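S.K.: Spelled out from the first residue to the last, the chains are:
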Amino acid sequence: AQSVTQLDSQVPVFEEAPVELRCNYSSSVSVYLFWYVQYPNQGLQLLLKYLSGSTLVKGINGFEAEFNKSQTSFHLRKPSVHISDTAEYFCAVRNSGNTPLVFGKGTRLSVIA
Amino acid sequence: ETGVTQSPTHLIKTRGQQVTLRCSSQSGHNTVSWYQQALGQGPQFIFQYYREEENGRGNFPPRFSGLQFPNYSSELNVNALELDDSALYLCASSLEGIRNTEAFFGQGTRLTVV
Numbered sequence: 001a002q003s004v005t006q007l008d009s010q011v012p013v014f015e016e017a018p019v020e021l022r023c024n025y026s027s028s029v030s031v032y033l034f035w036y037v038q039y040p041n042q043g044l045q046l047l048l049k050y051l052s053g054s055t056l057v058k059g060i061n062g063f064e065a066e067f068n069k070s071q072t073s074f075h076l077r078k079p080s081v082h083i084s085d086t087a088e089y090f091c092a093v094r095n096s097g098n099t100p101l102v103f104g105k106g107t108r109l110s111v112i113a
Numbered sequence: 001e002t003g004v005t006q007s008p009t010h011l012i013k014t015r016g017q018q019v020t021l022r023c024s025s026q027s028g029h030n031t032v033s034w035y036q037q038a039l040g041q042g043p044q045f046i047f048q049y050y051r052e053e054e055n056g057r058g059n060f061p062p063r064f065s066g067l068q069f070p071n072y073s074s075e076l077n078v079n080a081l082e083l084d085d086s087a088l089y090l091c092a093s094s095l096e097g098i099r100n101t102e103a104f105f106g107q108g109t110r111l112t113v114v
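Sequence order for the protein chains is A and B. Per my numbering, residue 1 is the first one in the first sequence, and the count goes up by one each step. Per my numbering, residue 1 is the first one in the second sequence, and the count goes up by one each step.
Chain B on its own, in the form it takes in the complex:
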């Protein structure tokens, strides 16, 4: 077990709705990254937060947004949901700086958009 927890584990939403996914990072980690994994594909980078600031973004539209809180937990928000947003959303935490660690992943949130 990595110590990275995500909630909820499963979620069903209707097209056009908004969703918030949550991630609690491993103790001592200051960086959180979010990935989208469509069925049968590898994870795709959405964005990354380092010390509460977004410091990298993948090829995702602005309706994908996020936050990182002072305790380094994080949220992923998706507005105006589309059917193609159905995927497993993975959160990863790491320690970046003088001493770096590898990314530790949570169990993921399975989002289904109908």
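Next up, chain A with everything else stripped away, as it sits in the complex:
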């Protein structure tokens, strides 16, 4: 069975500082990987996805993530955060084909002015 571990439940960071949100997954087959963001009282918005090809994936709002197959990781990074990046971030995995997403428990990013 697939699983996703988000290693940090909360990450406080000062505005304009870089941030990394960590995600590790376990799966015995090839996977697709996703990062979603959730603002308060909202649904999930896709930040970026890895399906195949280049292991460095660029997403919206200046975020990027790197797929590392040997370490089964898909960490999310941003070189300079803004107050508006304060939200909950979820890493998710799914197999190819019509299969559901498996989510981590989320990381709350708090950007401090």
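Quick caveat, the hints were computed from the structure, so don't treat them as lab data. Please read all numbers here as calculations on a predicted model, not as lab measurements. Even for Gly, the Cβ is constructed at its ideal location relative to N, Cα and C. Take these hints with a grain of salt, some might be off.
[Said to hold, decoys possible] With the C-beta cut set under 7 Å, the calculated list includes, among others, these residues of chain B facing chain A:
1. Ser33
2. Phe45
3. Leu90
4. Glu96
5. Glu102
6. Gly108
[Said to hold, decoys possible] Now the stretches of chain A that chain B is said to cover, found in silico as 3 or more residues with beta-carbon under 8 Å:
7. 36-49
8. 102-108
Assemble chain B onto chain A, guided by the hints.
M.R.: Same frame as chain A, but now just chain B:
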């Protein structure tokens, strides 16, 4: 905005009652998935419908049931509500088949069971 709409946005029910949540999928999408997100947790997969048939189910009891209609909209029904059913219920739609898309989520329905 994803084009996936859910109704109602908020709902309060009493333990033991039944509830129906609705989801209108994005135009052209043929798959709808439902997730339960308890407070402080990640979304948990409930079930998925593809072309009106259930084609996957998570670890949820039979009192959680659903439907998908010919226009690919969907309902989630929960019978005999329990306090632990209080959560944000998220619907996601996608296109599955020869060309696949990622899942697009609605804003969710916040269910409170008292």
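S.K.: Indicate, hint by hint, whether the structure satisfies it.
M.R.: Now for the hints, and whether the structure bears them out:
Because the smallest distance between the Cβ of Ser33/B and any Cβ of chain A comes to about 6 Å, under 7 Å, the interface hint for this residue holds. A least Cβ separation of about 4 Å between Phe45/B and chain A falls short of the 7 Å threshold, and the interface hint therefore holds. Here the hint on Leu90/B is kept, as its CB sits about 6 Å from the closest CB of chain A, short of 7 Å. Proximity of Glu96/B to chain A holds as hinted, the smallest CB-CB distance being about 4 Å (cut-off 7 Å).
Satisfaction of the interface hint for Glu102/B is found here, the shortest Cβ-Cβ separation to chain A being roughly 6 Å, below the 7 Å cut-off. Taken as an interface hint, Gly108/B checks out: its beta carbon lies about 5 Å from the nearest beta carbon of chain A, inside 7 Å. Here's how the segment 36-49 of chain A fares: 8 of its residues keep a CB closer than 8 Å to some CB of chain B, so the rule of at least three is met and the hint holds. Judged by the Cβ-Cβ criterion of 8 Å, the segment 102-108 of chain A is covered by chain B as claimed, because 5 of its residues qualify and three suffice.
The structure fails none of the hints (numbered hints given earlier).
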